[in-house]
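Undergrad: Residues per chain are reported as follows:
2 protein chains.
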Amino acid sequence: MGNHYFLVDCGEGTQYQIQRFGVKRSRIDHILISHLHGDHSLGLMGMIYSYHLSGRKKPLSIYGQRGLDEIITTHLRWSGSRLNYKINFHHLNPEVPETIISSKTLEVISFPLIHRIPTCGFLFREKTKPRRINEKQIPPDFSNQDYQALKKGKDILDEEGNVKYRNEDLTLEPKKSRSYAFCSDTGYDPMLAERLKAVDLVYHEATFLKDMEKWARKTYHATTHDAANTALDAEVGRLLIGHFSARYKEVDIFVDECREIFPETYPALEGEIFEIEE
Amino acid sequence: MGNHYFLVDCGEGTQYQIQRFGVKRSRIDHILISHLHGDHSLGLMGMIYSYHLSGRKKPLSIYGQRGLDEIITTHLRWSGSRLNYKINFHHLNPEVPETIISSKTLEVISFPLIHRIPTCGFLFREKTKPRRINEKQIPPDFSNQDYQALKKGKDILDEEGNVKYRNEDLTLEPKKSRSYAFCSDTGYDPMLAERLKAVDLVYHEATFLKDMEKWARKTYHATTHDAANTALDAEVGRLLIGHFSARYKEVDIFVDECREIFPETYPALEGEIFEIEE
Numbered sequence: 000m001g002n003h004y005f006l007v008d009c010g011e012g013t014q015y016q017i018q019r020f021g022v023k024r025s026r027i028d029h030i031l032i033s034h035l036h037g038d039h040s041l042g043l044m045g046m047i048y049s050y051h052l053s054g055r056k057k058p059l060s061i062y063g064q065r066g067l068d069e070i071i072t073t074h075l076r077w078s079g080s081r082l083n084y085k086i087n088f089h090h091l092n093p094e095v096p097e098t099i100i101s102s103k104t105l106e107v108i109s110f111p112l113i114h115r116i117p118t119c120g121f122l123f124r125e126k127t128k129p130r131r132i133n134e135k136q137i138p139p140d141f142s143n144q145d146y147q148a149l150k151k152g153k154d155i156l157d158e159e160g161n162v163k164y165r166n167e168d169l170t171l172e173p174k175k176s177r178s179y180a181f182c183s184d185t186g187y188d189p190m191l192a193e194r195l196k197a198v199d200l201v202y203h204e205a206t207f208l209k210d211m212e213k214w215a216r217k218t219y220h221a222t223t224h225d226a227a228n229t230a231l232d233a234e235v236g237r238l239l240i241g242h243f244s245a246r247y248k249e250v251d252i253f254v255d256e257c258r259e260i261f262p263e264t265y266p267a268l269e270g271e272i273f274e275i276e277e
Numbered sequence: 000m001g002n003h004y005f006l007v008d009c010g011e012g013t014q015y016q017i018q019r020f021g022v023k024r025s026r027i028d029h030i031l032i033s034h035l036h037g038d039h040s041l042g043l044m045g046m047i048y049s050y051h052l053s054g055r056k057k058p059l060s061i062y063g064q065r066g067l068d069e070i071i072t073t074h075l076r077w078s079g080s081r082l083n084y085k086i087n088f089h090h091l092n093p094e095v096p097e098t099i100i101s102s103k104t105l106e107v108i109s110f111p112l113i114h115r116i117p118t119c120g121f122l123f124r125e126k127t128k129p130r131r132i133n134e135k136q137i138p139p140d141f142s143n144q145d146y147q148a149l150k151k152g153k154d155i156l157d158e159e160g161n162v163k164y165r166n167e168d169l170t171l172e173p174k175k176s177r178s179y180a181f182c183s184d185t186g187y188d189p190m191l192a193e194r195l196k197a198v199d200l201v202y203h204e205a206t207f208l209k210d211m212e213k214w215a216r217k218t219y220h221a222t223t224h225d226a227a228n229t230a231l232d233a234e235v236g237r238l239l240i241g242h243f244s245a246r247y248k249e250v251d252i253f254v255d256e257c258r259e260i261f262p263e264t265y266p267a268l269e270g271e272i273f274e275i276e277e
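Sequences listed follow chains A and B, in order. Quick note, in numbering that gives the first Met the number 0, the first sequence goes up one by one and the last residue is 277. Quick note, in numbering that gives the first Met the number 0, the second sequence goes up one by one and the last residue is 277.
Note that these hints are calculated values from the structure, not bench results. Quick caveat: nothing in here was measured; it's all calculated off a predicted structure. Certain hints may be false.
Identical chains share a label here; the pair holds if one copy fits it or two copies do between them.
[As the list claims (entries may be wrong)] DSBU-like mimics (lysine-lysine), calculated; alpha carbons at most 30 Å apart, straight line: (1) Lys248 x Lys196; (2) Lys85 x Lys217; (3) Lys175 x Lys151; (4) Lys103 x Lys217; (5) Lys126 x Lys175; (6) Lys153 x Lys248.
Go ahead and model the full structure; you've got the sequences and the hints to work with.
TA: Structural data, given as structure tokens:
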């Protein structure tokens, strides 16, 4: 989001990948960890130590399930480390949706997923943006003061206090408020589509192919068709899939199976960038 | 050592490197962690989980400082994991040398190093090997029973119980008992040379160049000359150096500085193999 980066889950080697793909790690001020399985969390301590060694001073916000704070403090205690920056730790609520971040331009909402241990998904949503000034419609006698009033969404008044120009006549619709959701490990949840309604880009795990539905239910993971049906029901823009079981060697078949139901499906491959247009 | 692998220290990404360099991880039954700084220990949980996921059944022995057991159990508890193999955890003694492994052919001794937190080095030493039968000297009337006696180091007796052949006349000196020592993070310790006396191959950290001696003392690390002087005093076979500070871009100068004092110095580069001849 602009110059602010959010790191969502952090498996072993994340700091190596961050370097490999040229991401400025100093721009990360928020790390969100969906749950405490190793492939989603074991890279966090390395990030924390590396920030310390590179002289980070500004606080780092970490959002995680109960227990992650104990894991962090246990590591720090036994390594004899005293960080030179502050960690603001926020407990996620794995039971109900909660707004965990809210700024002028963005809100982030955590919501429960269905997994073997407490797990959250995350929805990133831009707030409604201001209307844009339509330069072509601006009259020649427009003052700087008028401009400022227009920017704030106000009408322009004449000396007697009557509306001279209506705001909506001199401005264009605001740019679209974009949204992204990350659904890490989760079993199929028919209720999830409601939460993801009309989201532009949704990452949803697809650990198994469709013929493994029983096994997926048992292990609290999703199949390709689970992910695609959720995307279809939610009428999302695009679906990203990942977390493919190591038993499979090819990614294409996962994408193909999803596209049987939801054509706008793409694989979340290492280093790929997915932009959302305004 | 033969088909048995010992993993000594385990930074983040170790399992990735193990795969990259084609090491059979199933052959690792002993993991030794010198101390609890992240660059020496953060890869351990990933190894533990991966062994679980790949169906390991045989026990894994882990040797570490006090606290490593708490770190492991805290991770396992919050991830809801119950391993399908047993971990045998051994506390290292950071105060005095201790034999931590002793088999028919090998012993491993931990010994204290000088660092900011409790830290151990490890000495691997083959036990004295049996003398080898010198086939050229074997007389034609030698029975299978005589062979077995010879192998056990016994003399061969005649029917009256007198020595017919002396064991040492029919056998050769045993092969050399090889030794390797790993001195992870440590400040300069003049007493260390005694511990490393005549060891074939010694890894000793060399975080800083020789002009940084003061800083090295302050941070409980070693300079090139510290490592080389230790190797010289101990009369070791070869010296491996590593743990170079990230402030330097070149490794050659570290090796050059060590060779001013101890010519048989080599850099411990990723993936390099150093064999010790018998």
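Undergrad: Which numbered conditions among the earlier hints are violated in the structure presented, ordered from lowest to highest?
TA: 1, 4, 6
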